[in-house]
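**Q** Given next are the chains, with one letter for each unit.
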Amino acid sequence: AQSVTQLDSQVPVFEEAPVELRCNYSSSVSVYLFWYVQYPNQGLQLLLKYLSGSTLVKGINGFEAEFNKSQTSFHLRKPSVHISDTAEYFCAVSKWDDKIIFGKGTRLHILP
Amino acid sequence: DVKVTQSSRYLVKRTGEKVFLECVQDMDHENMFWYRQDPGLGLRLIYFSYDVKMKEKGDIPEGYSVSREKKERFSLILESASTNQTSMYLCASSPPGYSGNTIYFGEGSWLTVV
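These protein sequence lines map, in sequence, to chains A and B.
Going letter by letter, the first sequence gives residues 1 to 112 in the numbering used here.
Going letter by letter, the second sequence gives residues 1001 to 1114 in the numbering used here.
Hints are computed from structural coordinates only; laboratory data are not their basis.
Please note that a few of the clues may not be correct.
Label pairs and their in silico Cβ distance ranges [unchecked claim]:
id	chain 1	residue 1	chain 2	residue 2	range
1	B	ARG1044	A	GLY53	28 to 34 angstroms
2	B	SER1082	A	SER80	43 to 49 angstroms
3	B	LEU1041	A	LEU46	17 to 23 angstroms
4	A	LEU56	B	PHE1020	41 to 47 angstroms
5	B	THR1086	A	GLN71	34 to 40 angstroms
6	A	LYS58	B	GLU1022	45 to 51 angstroms
7	A	TRP96	B	ASP1028	36 to 42 angstroms
8	B	MET1054	A	GLU66	20 to 26 angstroms
9	B	MET1054	A	LEU7	22 to 28 angstroms
10	B	ARG1044	A	LYS58	27 to 33 angstroms
11	A	ASN61	B	MET1027	31 to 37 angstroms
12	B	ASP1028	A	ASN61	46 to 52 angstroms
All of these numbers come straight from a predicted model, not from anything done at the bench.
All C-beta atoms, glycine included, are put in the ideal place defined by N, C-alpha and C.
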């Protein structure tokens, strides 16, 4: 069975500093990988996803993620964060013809 | 613009009450989902439906039931609410199948059972 682990439950970072949110998955077959973002008091929305092809995926709001098959990782990065990036970020994995599995989330706190 | 609408953002119910959470999507999606979100536990799937009148149990179906009489509407029912069902409930929808499809979420319903 597939699973996804977000290694940090909370990440504090200063405004304009870079950030990396870590995600590892386990699966014996090819997978699709996602990052969703949940802003305060809202539902989740898609940030980016990897289906196939280039391992570097660019998403909305300046975020990007890199699929690393050998490390079974899909870490999310942004070179310079803004106060508006304060949110909870969820990594998720699915395989062909199976339901998506979400990680437990990482809260990103932007410090002034 | 795609939209999943949950009819109630905040509800307070008494223990033992029957509770209905309603969700409507305007994207003609076949798949609809109900998740429960709790701090530190992430999203847990309660039920999902892949077509009208079709449903499958998710990871935590106990204490819940669902109804999907029309394609655009998916209701979550708590037959007899209990305090351990106090939580944020998220409805979502997606196109048919699972192959990398984006899931679209509503804004959530905060349910407090007292």
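**Q** Does the beta carbon distance between THR1086/B and GLN71/A stay inside 34 to 40 angstroms, or does it fall outside?
**A** 39 angstroms Cβ-Cβ, so the 34 to 40 angstroms window holds.
**Q** Regarding MET1054/B and GLU66/A, is the given constraint of 20 to 26 angstroms on their beta-carbon distance met?
**A** The hinted range 20 to 26 angstroms is violated for MET1054/B and GLU66/A, with Cβ atoms some 38 angstroms apart.
**Q** Given the hint of 28 to 34 angstroms, check if ARG1044/B and GLY53/A actually sit that far apart at their C-beta atoms.
**A** For ARG1044/B and GLY53/A the Cβ distance comes to about 31 angstroms; the hint holds.
**Q** Do the Cβ positions of LEU1041/B and LEU46/A conform to the proposed distance bound of 17 to 23 angstroms?
**A** holds (21 angstroms)
**Q** For the range 36 to 42 angstroms, tell me whether the beta carbons of TRP96/A and ASP1028/B fit it or not.
**A** violated (23 angstroms)
**Q** With 41 to 47 angstroms as the target window, see if LEU56/A and PHE1020/B comply at their CB atoms.
**A** holds (45 angstroms)
**Q** Tell me if the beta carbons of MET1054/B and LEU7/A are separated by a distance inside 22 to 28 angstroms.
**A** violated (37 angstroms)
**Q** Just tell me: holds or violated, for the beta carbon distance of ASN61/A and MET1027/B against 31 to 37 angstroms?
**A** violated (23 angstroms)
**Q** Is it true that the C-beta distance of ARG1044/B to LYS58/A lies inside 27 to 33 angstroms, as the hint says?
**A** holds (30 angstroms)
**Q** CB of SER1082/B to CB of SER80/A, is that within 43 to 49 angstroms?
**A** holds (46 angstroms)
**Q** Given the hint of 46 to 52 angstroms, check if ASP1028/B and ASN61/A actually sit that far apart at their C-beta atoms.
**A** violated (28 angstroms)
**Q** Please test the hint of 45 to 51 angstroms on the beta carbon pair from LYS58/A and GLU1022/B.
**A** violated (36 angstroms)
In summary, the structure is inconsistent with hints 6, 7, 8, 9, 11 and 12 from the numbered list given earlier, while agreeing with the others.
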